[in-house]
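All residue numbers for the sequence shown refer to the UniProt record's numbering, where the first residue is 1 and numbers rise by one.
Don't read these hints as lab results, they were simulated from the structure. Don't be surprised by glycine CBs; every beta carbon is placed ideally from N, CA and C. Some clues are possibly wrong.
[As the list claims (entries may be wrong)] What follows is a set of in silico ranges between Cβ atoms, one per label pair, in the way DEER data are often shown: (1) Arg213 / Arg101: 17 to 23 Å; (2) Pro164 / Gln220: 42 to 48 Å; (3) Asp176 / Ala212: 38 to 44 Å; (4) Arg5 / Pro164: 21 to 27 Å; (5) Gly23 / Gly63: 47 to 53 Å; (6) Glu65 / Gln210: 30 to 36 Å; (7) Ala169 / Ser149: 42 to 48 Å; (8) Arg115 / Gly87: 26 to 32 Å.
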Amino acid sequence: MRRYRDRHHGGRVLASALEAYAGRTDVIVLALPRGGVPVGFEVARHLGARLDVFLVRKLGVPGHEELAMGALASGGVRVVDPEVVDGLGLTDAVLDEAARREARELLRRERLYRRGGPPPRIEGQTVILVDDGIATGSSMRAAVAALKSQKPSRLVVGVPTAAPSTCEALARQVDDIVCVDTPEPFMAVGLWYEDFAQTTDEEVLALLEQAARERAEESQVPGGM
């Protein structure tokens, strides 16, 4: 299976696989920060679509935060992984404390990335939800659940790489899913990128601003959007 040079490369490959959604006025690309934003930037640019973010925070097991016991999404939607929670005997109090902590960070990022602006309108839109990859799927499932409540006309998930079983499970929850590569064994998203350095808040802001600027310039060109 291929390894992507970086998230931008992964985004360009994913964009080609989403070609059916190019040039449509009802499409919005929502990237999961932070790592999903470089991917979403390339997808939105290729499709001629608006780029925005949708905030999700992983709920890590105390002392082993890299292991997700669930996730929290914008709007207060919480998804729990029963295998992890039951297997480790985690209590509701542990989940509630993690959710309170991550809710504060989620709100901080909402304010930072949107600069006080409103969230995008979802109802009646074709939403393409993008990340750099999917391992357990907790974050993506939380995002899907939160977005469904806002009544998009079509909900699509797109990632450059994903665990096969997770991709298959998510396919039952959305209208369309594109997992470009599904290596087995999957292990971790970062294994399938040569450069998987952490995306910073500054990079997220710069890409959102660049996407908005390019879209505005395109709309001013005769025959453009």
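Results of checking the hints against the structure:
At about 35 Å, the beta-carbon gap between Arg213 and Arg101 misses the expected band of 17 to 23 Å. Remark: the range hint 42 to 48 Å for Pro164 to Gln220 is upheld by a beta-carbon distance near 44 Å. Between Asp176 and Ala212 the CB atoms are about 26 Å apart, so this pair departs from the stated range of 38 to 44 Å. Range check, Arg5 to Pro164: Cβ separation about 23 Å, and the 21 to 27 Å hint holds.
Between Gly23 and Gly63 the beta carbons are some 49 Å apart, a value that agrees with the proposed interval 47 to 53 Å. Taking 30 to 36 Å as the suggested C-beta distance range, the pair Glu65 and Gln210 conforms, at roughly 31 Å. With their beta carbons about 20 Å apart, Ala169 and Ser149 fall outside the hinted range of 42 to 48 Å. Take Arg115 and Gly87: their Cβ atoms lie about 41 Å apart, and the range 26 to 32 Å is violated.
Hints 1, 3, 7 and 8, counting from the list given before, are not met by this structure.
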